[in-house]
Each structure stands twice: as structure tokens, then as C-alpha cells.
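Undergrad: Listed below, chain by chain, are the residues.
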Amino acid sequence: MTVGNRTRAALLLLCAAVLACASAAWAKSRHPLRIGLGEEPRTLNVWMASDANSNNILSQIYQPLYRHTPEETEMVPWLAAGPPEMEADGVTYQVRLRPARWSDGSAFTAADVAFTCRLIKEFKIPRHYSRWKFVDRIEAVDDRTVRFVLKEPMAIFLTRSLTIPIVSEKEWREVADAAKKQKKPLATLFNHTVERPLGTGPFVLEKWHKGAFLHMKKNDWFFGQGLRIGGRLLGPFVGEILFKIYGTSDVAMLALKKGAIDMYWQGIQPGYIENLEQHPEIRIFSSERSALYYLGFNLRRPPFDDPALRRAAAVLVDKSFIIERVLQGYGSRMDSILPAGNEFWYNPNLTEYGEGLNREQRIRAVHRILKEAGYRWTRPPVDDAGKVQPAAGLRLPDGSLMEPLTILTPPADYDPHRAISGLLIQQWLRQAGIPASARPMSFGALLQQVKARHDFDAFILGYGRLSLDPDYLRIFFHSEFDRERGWNMSGYHNPEFDQIAEASEKTMDLEARRLLIYKMQEIIARDVPYLPIYLPREIEAVRTDRFAGWVQMLEGIGNIWSFCQLSPVN
Amino acid sequence: MEIRRYILGRLFQITLIFFVILTVLFLLFRLAPGDPVSRMVDPNMTPEDAQRLIEQLGLDLPMWQQYLIYLKNFLKGRFGISFHYGQPVSEIILNRLPNTILLFTSSIVLAAFVGVFLGKIVSWKKGERIDTWVTIGALVCHTLFLPWLALIIIWVFAYWIGWFPLTGMISAEIWTDPSAGLLRKGLDIAHHMALPLTTLFLIHFGSYLLVMRSSMLDTLREDYILTARAKGLDEATIRNRHAAPNAALPVITSVGLSLAFSINGGALTETVFTWPGLGRELVFAVSNNDYPLAQASFLLIAAVVLTANLVVDLIYAYLDPRIRY
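If you read the sequences in order, they're chains A and B. When we follow our numbering, the leftmost residue of the first sequence carries the number 1, and every step to the right adds one. When we follow our numbering, the leftmost residue of the second sequence carries the number 1001, and every step to the right adds one.
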């Protein structure tokens, strides 16, 4: 290399270094909030979005009429100006709206609300339509008043229907009209590409660089700015948000430690906590979740069509062991289908199968339950002298030998907790002579086997984000939903339960409905079509040196309240 | 004339094989368990909703009808709309493919050049210390577990020393800066590319080096090398002008196919480095039953691999006078 070349190379390196420093300094002066995402959002079309990351971004843009306070005790008016007013007929509701504007400055009116609700009904939009099909008419009375007329009283109207995201008629009218003329209107609506969503939320999308990042800026037209809602003064106090994508949690944790991101918007595994706690500028949040992880049985065929066997399995499953060893203590046992955190609807007086028993005591209890139900063994789990021993040759009450049965679980790379729980449960069932084998299979295949084909013995699945309204109890166990792709995956049929579930759907009085929901939980705990196992906690990590004001609520700190309250530390 | 007949024959074969691949791909995805709707674990998704979606996606039609539509669309150059993105598949592929080509093609070309060069050198010094160490180094690199190596490189150079960005292809901070010019953006991409490129280079160069070394050692026993020596040519000329071009033929096959497969990217590399390429999309499409995206990606790979095979054969004929079609 000649002297001239060397000089040129040195100059080039110097330029690169100056550029890097300049960009770093410039980035620092902007002070954007930087959030890590586990995956890129799939779409910004609010009707199509079904993945968590798309919904996380869209939740900053499209807003509902009502939302839950961080304390989860009540619904507060968000785009609505006050609580819905019910008329004397019990099926007509009137909602007044706040003065608000869309992010382009145009007025948000009752026509937008009516348009959104009619769009859902006309297109029968999946995941939304079930919450709107019982609404007969939607009318914009004036610019700031909407009237809803229901076909019949429906308890979920306030908590589930009025919490959908409202879209702008201006943004969607032409798209909807064009879609209606197509052979497949719903597919056309879904395939509409949204580049710059028009919303009423605290932030507006500035740029989506596919595969790299999303850039959001404060929405100057945000209706909540400076208002006190749910007892909180709303901002936003952050000018910009950068959403960066990290392919693996390992690298995301390095980014957090290095200060490349201020928060990782995805639950982290307990294994990372110890290391993160060594960094004083990192704070860990462990939050309650509204979730359910359970062992489901196929009641359509032997051997789990027998409630005695299901109860025996319930006694054998050591939930505390799973929580301590598999979840490393970051979870709690579940005895109801409803999480205990859902205090208003949760029934605390349910049977706690096997609670407080050690392994030998569990096996003895199961021996007793099954013996009373007519089961026999070639080699029983408890011998004549009362000593626990390895069991074999379990025979059903009709005398036939119990066939080997399978517990389907998602694979360990999808969810290690469920995969390991399956292996543990397999071992525990075998101790009582139940010839169970855990079989991990791809998630899609598992769902098809369980939901569509109904070809299984037992399975372990979970619901990550259950609504606070407990109507899902009806959806999971009403006999109406025992069909292909229905949510009654166990094939549970109980006319008593169906009757109570139907009543719960239409009971508007909260206390009366609570009693019905309590009863439904009791019946399910007694018949055990599902055995609730654990409720993992949502563990999130943030840096505390740049931003403060995270609001912790059910499901963690990644919520609209946080984004409306966060502010720079200095 | 002969070469033209050969090319036409090969093109006919390629078309036939491509048609078979087209059909097999269609069947494979339809026969695999699950469907695009079944993964939506949301109690709000009623059976009626699911059925409506299935109908809208055209998956309720008999399989032969779906196949005919698939063929018709393919012949018209339409690859459909991704079930999960709601975007035309061609747009998604065009968005991701350049990123994959940039990273993987450059890493393969670099690895091939260094591998061939070093292979040529060490074969000439067989048994010497340099040969032993370089060969061991190449073997170690070749057998390293890629995600592990990638994480170690990230930890050392991006986290610990802090010379490079952790992952990704661009810095959000720079690309959202209105004053950032092309040079700064270009340097930013190069800065992000350094670590994944190094990882892929380390993984790949060993195999090229070993193939080149072994091929060179075979070539050195050939009579024409002895003749060259007898003519009194110097060692460098014998190595570079006589031995290396002949020994490089197996490497050319390997590089040609690697380049063709490089459009597929590498799901592991792209995931660890969060490189927005086609490899990650391909894995996502397969695991989520996104048939249009998965089919189009595989078809693209098949087309490129088949074409690359033909091109490699033609290059062979050009490089090796003994080969005639």
C-alpha cells in the first residue's frame, strides 16, 4: 500500500467514525423510546391482524369506545364521553362520544362508529362478528351520539362489543364498497394493504421499513392529551417510538443490557432473570396474566369418557411441582378455568384436586377412586399390605384392558413448559397404571387433530389472552360448540351446564350473572373436561435510565396506559 | 449445433422436472396437517368464522379444482396472495430476496475465493506446518454449529467490544434521520453486514478449501504437471496456470449450487442476526400453512437451482476442453 493509499484509507475510516458518532449523537438528541419486538407485525390491516405484534402496533392507533382501567376494576369511557345509557326496553343503548379527531385532523364522529359496527356485521368479520351479530341496528343519532338496538339483552355487549377498535369511515368506505362488488368480499377486505393507518390513538405510524423497524410519532390530535381518564393524566410525553425486531430472545436481552432498546415487548423466560438482575438499570416486571394452561380430555370415547378416571388424573397431576420446577416459580396453580386474578368472576371455592398430598398419598387416593369406580389392575398401585408399588394391567370397569393412550402437546421449541408438563403428567399417570405417553407434535397438526378431527385421548393447550368477561366458559363447554373447529374440544355435553350458560349470556344483572358463572365453574371443576394446570406470569424487562412511568396491569406493562404515561427520565 | 441441441434438450428436461416439482409442492402442502385457519387460537373465532375464512381462501374447493386454479395462475405469472400478510406473494419475495442475495451471495463468493486461494497454497505445501494448521482450522470452521458461532460472534464483537450492531440490516436511528444521506445509509448496511458475513464466511470457506486442496493434490499427480515441470516452468506458473484451473472444477460445481441455494437464505442465520431475508419467511410460511408464499418460494428455489445446474455444466465445457456436448 502506498502512502497515498494509506492516507485515503485512514480518511475513509475517519469519515465512517465521524458519521457513526454523529448519528449516535443525533439519535440521542431525539430521545425516541425504543421497543424490541420478537417478530415483525404481519399486517397493519386491523381486520386481518391476528398476531400479537400487529395488534400491539395497532393498539397505539385504533381506539375503542371503552377500555379497562389498569386496576381492571371497571371499564372507563375512552372514545365515549360517558357510560352507555340503557333505555327502558333493555335492548337500546345510547353512547355519547368525546370530541376527538383522526390523526389527519378530520373530525371523529358517530358516523365512524356506526360505519365500523356495520362493516363488521356486513362482512361478518371473523373474531369480531360473534360480538356483534346480536345487534339489530346501529344509528348515528347526531355527530356525537350513537344508538345501538340489540335483538335481545346480551351481557357481553358492554364488555366485549363496545371494546372493538373504531376505524375511520373516510379510510375504509371506498375499500369496503369496492370489496362488496368482488366475488370474495371478505378476502378482498383482508387483502387491502394499509400503509398509513388513520387512527385516534396516541401515536401515528410514520414509517414501516419492512424487515427492520417501525417508526411512530406522537399524534398531535390525540383526544386524550391532557385529559385525566381512569384517574390518570394522559400524554403522550414521548415524541417518537422506534420498534426494532429481534429474531431471538438471546439477542434481545443483549440489546436491553447494552441499551439498544428500552423495553422488550414480549414475555421472557425465567432463565434470563438472574442475569438481568445483575444490571441495576434494568427492572423486571412480573405481572398476572389472563390465561389458561390446561390438560384437556376427549370425552367422546373411552377411557376419558369416565369422570372418575378424569378426577383420578386430576389428583395425580402435581401442579405445584410443575410451577416450581418447570415455571421456576413464575406462575400459580389453577383450579378454575378462570384465572384467580379475574377477581369478580373467579369462584374461589372449587375442589383443589390433590392439593397438599405427597406422591404416595396421591397414588393411594387414585387407587381408591378408581377401585370404587370399578377399575382393576393385574398389579395394583397399592398392594394388600397398603404399600405403594409400580402398577400394571389397568382394566376398565367393563373388564377390558386399558389401551395405551396419548397426551398431545406442542413441541418444546414452541412451548417448552407445555412439552415438559406433558412428560411429567405421562409419568404420574403411569404410576397409577394408566398407560399414557406424551407426544409432542407441531402446533398446527395438534390443533387439527384436536379441534377438527377430534381424534385424540388428551392434550395440553393454553389460551394466552383471555378476555376479562367470562363468556368463554360458555364457548368452551356448551354442547353447541362441540363440532368441527368448535371450541368445545373435549366434547363435553351437560344439559344442566348448557342451560346455565345460556342464562349467563343474557343476564344483565351483574350479581345474578356472577352466581351463574360461579355455578358453571363448579360444574366444570366437578366433571373435569379440562383440568386447569397453571397460570404463568408475564415477565418483562425494561431499562430505567431513559424512561419512567410504566403502568403494570393484567398481561404486563405493554399497554396503552403505559404509552400514554411514559416520560423521559431527565 | 451440438451445443444448441444439448441446451434445448436440457431446457426440455428442466421444464419437465419443474412441472413435477410444481405438482409435488402443491400436494405436499395440502397433505400436511393443519390449515391456515386452525392456528388462530382465539375463542372469538367461531366455527362459522373459520369456515368463512376457509371459503374466502378457496380452500373449501375440491383439491383437483384448487390444483387447476394453481396451474392456471402459475401460467399467468400469478403466485397468489399470502394468507398471513394479505399481500401479493411476489411483493413479499421481491422485498426479501435482495437482502438474502446481498448477504448469502457475497459470503459464498468471498468464501469461495479465499477457500480456493488457501486450498491452492496449502496443497502446494503438503505436510508442512502451514498445511496442518490451515487444514485443521478449515475443518473446525466447517463443523461449527452455526447458531452457536453466530451468538458467540455477536456477544464478543457487538455486545462486549461493541464494534458492530447486535443484529438487523439497518439502524432505525439512522434511517429515520432525514439528514442521513446515501453514503451514511450504505455504510450502515455494511456495518450491519459485517458480523453475519463473517459468520457465513467462517462456516463456508472451510469446505471450499478442503475440496480445492484435495482436488489439487489429485491434479499434482497428473502427467501434464510432470510435463510442465520438465519444461522448466517455475512453481508458481505450474500451480496457478496448470494445476489450479483444472483442480477448481469441483469447486465450481459446489459454488454454483451454493449460489443457487443461497436465494433460499438460511433460516438460522437470518433468525439469529434478524436479517430480513427469504429464509425466515420460508420457514414461517411452511409452519403457518401459508401455501401461496411457501409454494412460490420453493418454486423460485427450484427454478434457480435447475438453471444453475445447466449453467455449471456449460461453464464446465468452457473451462475443460476435454468436455464436449
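To be clear, the hints were calculated from the coordinates, so they are not data collected in a lab. Built from N, CA and C at the ideal position, the CB exists for glycine as well. Be a bit skeptical, because a hint or two may be false.
Here chain A is said to cover these stretches of chain B; the calculated rule only asks that three of the stretch's residues, wherever they fall, bring their Cβ under 8 Å from a Cβ of chain A [as the list claims (entries may be wrong)]:
#	region
1	1158–1167
2	1172–1186
Keeping only pairs whose Cα atoms sit at most 35 Å apart, straight-line, the calculated DSBU-like set for lysine-lysine is [stated by the list, open to error]:
#	chain 1	residue 1	chain 2	residue 2
3	A	Lys184	A	Lys133
4	A	Lys184	A	Lys121
5	B	Lys1076	A	Lys181
6	B	Lys1185	A	Lys183
7	A	Lys124	B	Lys1072
8	B	Lys1076	A	Lys207
9	B	Lys1185	A	Lys184
10	B	Lys1185	A	Lys210
11	A	Lys218	B	Lys1185
Here are a few chain B residues that sit away from chain A, every Cβ distance over 12 Å (derived from the structure) [what the hints assert, rightly or not]:
#	residue
12	Leu1025
13	Phe1026
14	Pro1047
15	Trp1064
16	Lys1120
Undergrad: With reference to the structure, classify each hint as holding or not holding.
TA: Outcome of the hint check:
no., hint, result
1, 1158–1167, "holds (count 6)"
2, 1172–1186, "holds (count 10)"
3, A/Lys184 - A/Lys133, "20 Å, holds"
4, A/Lys184 - A/Lys121, "16 Å, holds"
5, B/Lys1076 - A/Lys181, "23 Å, holds"
6, B/Lys1185 - A/Lys183, "44 Å, violated"
7, A/Lys124 - B/Lys1072, "30 Å, holds"
8, B/Lys1076 - A/Lys207, "33 Å, holds"
9, B/Lys1185 - A/Lys184, "42 Å, violated"
10, B/Lys1185 - A/Lys210, "16 Å, holds"
11, A/Lys218 - B/Lys1185, "25 Å, holds"
12, Leu1025, "18 Å, holds"
13, Phe1026, "18 Å, holds"
14, Pro1047, "4 Å, violated"
15, Trp1064, "20 Å, holds"
16, Lys1120, "24 Å, holds"
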